[in-house]
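Protein chains: 2
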Amino acid sequence: MPTATAANAGAAGSSASVMAEQPRVVFTPSGRRGRFAPGTPILDAARSLGVDIDSVCGGRGLCGRCQVDQSTGTFSKHDIDSRPENLSPGNAIEARYAKKKGMQVGRRLSCQALLQGDVVIDVPPESQVHKQVVRKRAEARDFEIDPAIRLHYLEVREPDMASPSGDLERVLEALKEQWGIEDLECDLRVLQGLQKALRQGDWKITVAVHRGQVLTTAWPGFHDRAYGVAVDVGSTTIAVHLCNLSSGEILASAGRMNPQIRFGEDLMSRVSYVMMHPGGDEEMTVAVRGAIDALFAEVAGEAGIDPDDILNAVFVGNPVMHHLLLGIDPTELGGAPFALAANSAMTLWATELGLSKINRNARAYVLPCIAGHVGADTAGVILSENPHLSSEIMLVVDVGTNAEIVLGNKDRLLACSSPTGPAFEGAQITSGQRAAPGAIERVRIDPATLEPRFKVIGSDLWSDDPNFASETQKTGVTGICGSGIVEALAEMYLAGILKADGSVDGAMATRSPRVREDGRTFAYHLHDGPPEIFITQTDVRAIQLAKAALYAGARLLMDRLGIETLDRIVLAGAFGSHIDVKHAMVLGMIPDCDLQKVSSAGNAAGSGALIALLNQKARDDIEAVVRRVEKIETAVEPRFQEHFVGAMGIPHKSAPFPHLSAAVALPPRGGVASGESGRRRRRNRV
Amino acid sequence: MPTATAANAGAAGSSASVMAEQPRVVFTPSGRRGRFAPGTPILDAARSLGVDIDSVCGGRGLCGRCQVDQSTGTFSKHDIDSRPENLSPGNAIEARYAKKKGMQVGRRLSCQALLQGDVVIDVPPESQVHKQVVRKRAEARDFEIDPAIRLHYLEVREPDMASPSGDLERVLEALKEQWGIEDLECDLRVLQGLQKALRQGDWKITVAVHRGQVLTTAWPGFHDRAYGVAVDVGSTTIAVHLCNLSSGEILASAGRMNPQIRFGEDLMSRVSYVMMHPGGDEEMTVAVRGAIDALFAEVAGEAGIDPDDILNAVFVGNPVMHHLLLGIDPTELGGAPFALAANSAMTLWATELGLSKINRNARAYVLPCIAGHVGADTAGVILSENPHLSSEIMLVVDVGTNAEIVLGNKDRLLACSSPTGPAFEGAQITSGQRAAPGAIERVRIDPATLEPRFKVIGSDLWSDDPNFASETQKTGVTGICGSGIVEALAEMYLAGILKADGSVDGAMATRSPRVREDGRTFAYHLHDGPPEIFITQTDVRAIQLAKAALYAGARLLMDRLGIETLDRIVLAGAFGSHIDVKHAMVLGMIPDCDLQKVSSAGNAAGSGALIALLNQKARDDIEAVVRRVEKIETAVEPRFQEHFVGAMGIPHKSAPFPHLSAAVALPPRGGVASGESGRRRRRNRV
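Just so you know, the sequences run in chain order A and B. Numbering of the first sequence is given in my numbering, commencing with residue 1 and proceeding in unit increments. Numbering of the second sequence is given in my numbering, commencing with residue 1 and proceeding in unit increments.
So that you can see chain A by itself, here it is in the shape it has in the complex (with noise of 0.2 Å):
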């Protein structure tokens, strides 16, 4: 190869002058500029200055992976002319490679491209190693593509008797000669099949190598498809998506049920179905594997790619599921002290967590948990929301069955789990139901008339619009979810239905036929049915009790860091991307904090094991800030269950929230309004 001498290099004396002549290459965007000697390949002159431009097949014209563009015209501000002429025309390797798989006009591939005068090279972001991922949502942290699995084609030297040597030590030369990695195990079912790969590639093959350690597989000649899954296993939902590992594109998504649903709805019962049934966490287990295997199976189909090519995959899920997915019997997490058998990340063969549909090499990857109810799925949270990184004092809530809290910035992270219920999730509710199709999800309360109008999933019409029974015809109204029933509850506060001690106000029974008596208590008709759907005064108190314990945990951790206010809130997790931030602030569910800074991460659990897939660091990343956490538990802080008690009814009305007053026209503080007085009170501000 032409030797390749960087301008900023400082080659000394005698050179100098053979430098001055020698052609001069710009890169952009990083600016990077340098002198080489004629018919120097533009890639080697770009790796020399340390410009980052990919390549799988070494710079042989295979991949495709280092197309670069000239910039051609003068350029005063680089002082160079960058000429058509000053880079070698196209050759038939560039031909060849642009009639297979296709090449926008005017692009280079950089290995063949060789330096004859000045030229500006321009490297577009998709010819990057180091390529950002740009991430959606605007306050989410943009990352870089660093897959833990990288795939490098391999001239090896061929057996010579002269010199014996084994085949994978000649493949371990090669990938030190041509890749500058070194001191690599290799997988026994690796070595099996490299012998056939090597001759069958005529000497030249392909390896996927783990985390520059272990080389993982090997095809004969060249190959570029590697791909990894990201996997939230949630007790409810097992969600898996398909990425192809260098350009960090998602292929595929797909979710089912966690089957382990019939052994119990929800976690503690799962527990219960291992304690009173000997081998019931291996049926589980069995059963979430099972569905993962089949979703790898599903995203693979749908993707059109082989499961072989799935080298990777990423998982996330709360501790019971982590344990479970892992064979370990979660007994132990289902009663005091919530030990986990370990916290720590793992990295292993996916044949161990006995999946099948995923390369038989694949590594898996499980985030570590933080404690006994703090689990990878909130190590993926944080992975995804940063706070860890942030100046702000973040609030991040994941809220599920346990709401995973973790509070902090740069300098100090706490976490803890409250104990919510599944009255967020619409259990133990009277018309309470999953979010589905046909279940109420928002709703609005006139405080005028008392009366009601919602949305269900599943439409944009609001419940007053004409067309709303038509559009709805298929799904109907089946009940009410989670954001719903927030919603519903802050509606019935403001307008004065419900007390700030959380009693329905029976005294407006004789305003509106929507308050009905109910037993002893009052409920409130939000739906005339079928089916008809009530809040009742159960219902009321199995939300307080919800919210009393995520404020609480939230309470308690800021009383810990000493802080009175936040500067920034994330709500993950499905319910926290459905329910609207006002409202649950309102019913007290959050502390105050600028509205404008409340916002919804969606699955951030799985956002985390995505980056986790796609970016080799950040394992290292949350394994090192999870150690630094500092783990409260709940169960035996004090402070909670005072927390927890001054939380049950509608907090402004005892803490200020001066952002939330400002954004909602509120009830005035004080003392408990009475119904009457309270509801003349607003009615007079309205």
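Just so you know, these hints were derived from the structure itself, not from any lab. Possibly wrong hints are sitting among the right ones.
Note that identical chains are pooled: a pair holds if it fits in a single copy or bridges any two copies.
As a list, the in silico DSS-like pairs of lysine-lysine whose alpha-carbon atoms are at most 30 Å apart [said to hold, decoys possible]:
1) 77 - 474
2) 631 - 357
3) 136 - 196
4) 474 - 357
5) 631 - 196
6) 617 - 196
7) 176 - 631
8) 617 - 176
9) 410 - 131
As the structure is a prediction and not an experimental result, all values here were calculated from the model.
Take the given structure of chain A and dock chain B to it, following the hints.
Positioned in the frame of chain A, the structure of chain B alone reads:
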């Protein structure tokens, strides 16, 4: 625990006077000494002085590994009066241990015996961690017991909600605090049972740690049974030794035919089988693994141990056996360039080799191969015979279907394989057979009468003994094995029946009916039968080819090393153990050497496996040695052909054999003797 202050640790100033009053302890045989506070356990004193005392339980009086003797009396040499009362009296823990496991009178558990005055303490060899294994053969190097698997008893902190952590992490913490072992990984399969073990053992467990790096097993409470197996996978026989990993004791040994024999007698026919039968390699892999599993069960049964306590397995074997054990198609080894899939040593789970009569987390270690024809068995031979540590030039020969030849000393080591063919194993010989009861293994021919006498395997009597017939009634005389044919030929030569060029001298037929016409050539009638046993001219030619190959290989390496004489020869393998050195040298199988310095090493490959099993450092050593061994491929060395042709005759005719000439009455050197004159001359000297 009391503070232990070693006098030689150089404690300064103010504590000097205190120290002067502290009791002294002298350990024998190390001679290490120090002063310690009264009440210091002897084990603690030993540790702070670096005295080598074993312990699995960490000083809790459970394992009994730390036993010592107090030497009482006045020791003027040490200026110490070691009175019995200077050690605390035996306590309840010692009494319990003695009752449960037995203890020699006078012995103390050094973890329980407390210093009360000046004492001399003797550490018996069996209480040392690094016990020496004394090998029977005088020339074999002893080695230390330092197994890859160590047991550690732990008291683990219970989970604490105030500071949540995983059970595994607290186990690792205990390993660090109680044993100074850090940065461990843990097998998932250990983790799956860890919580149960911890609770069953009331937070006391014993763990097995592999090479100080991986936690591979956990048992509730105290567990002191750790075994290992050394496996020699021969083409014909598989041999297994079961060892106690802490004492080095061999508890049981077993061997059985390699069931692959049904696919082909020798290596080449097995490789051919694979070439002819796709999937044949898998059949043979399954067969050999099944046999190994059966042997594991057999040795465990014989020793009365639980196979689950077998925690480590070490394997040696020639390249084809090595590949088939690992599940690698050996086809490439069947033809030039004889490329190994890999030559490096391998550490993996025994389960990856499909083995099940062993702990499911047991680690397997496979010694490195050297070249396409020089396998892990030769690495084992080197480890056993240590040519790489020798100042003398050593020739180590392992004779089988191929002869693996190693030559050199601590400065330089060469290895090659020479294609001797199966003649030395009795194959392709008219009356040949494997070494088994009934096979002729020793032969003497009276030079005067040309009458033979012989011994068969299974009897110590010569055939001319009156009791021979009755004693060999059971086995009979069935044929002649490799060592028998070598002796027969050497004796035929010494008796003048065989000429120096290898032809049977027909002229001798006139002297004795033992020499008979056999077609166009002559044969020697060794046994009247049944069955009649002849040594034919074809047999002589087969042995000539074999011994010429062996000799040529050795000479080739000597040329490479630039030497003409050898300091020492070691004959390894079953054949090497049975042949008479003198006869081998007469025949010219091996170069000339002082007969006193030619020895048989028996199954040195198996011994090497045993050493690697019991001493982890030996693994690193042999890997480093193998890397620097100069591999010579005889097939591409023109000099090999020259030596081979030159070695077909009886070599002391063409090459000087000064040592042999001094020891044996050889026919005089010079031109090839004609039968008649050669015989006469020889007879004159007898």
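So, going through the hints one by one against the coordinates:
1. 77 - 474: Answer is neither: 64 Å inside a copy and 102 Å across each miss the 30 Å cutoff.
2. 631 - 357: neither (36 Å within a copy, 43 Å between copies)
3. 136 - 196: Classified as neither; 45 Å inside a copy, 45 Å across copies.
4. 474 - 357: neither (36 Å within a copy, 60 Å between copies)
5. 631 - 196: between (51 Å within a copy, 24 Å between copies)
6. 617 - 196: Neither, since 34 Å and 34 Å both go past 30 Å.
7. 176 - 631: between (43 Å within a copy, 22 Å between copies)
8. 617 - 176: This pair counts as both: shortest intra-copy Cα distance 22 Å, inter-copy 27 Å.
9. 410 - 131: Within one copy, since 25 Å is at most 30 Å while 53 Å is not.
Going through the hint list in order, the structure does not satisfy hints 1, 2, 3, 4, 6.
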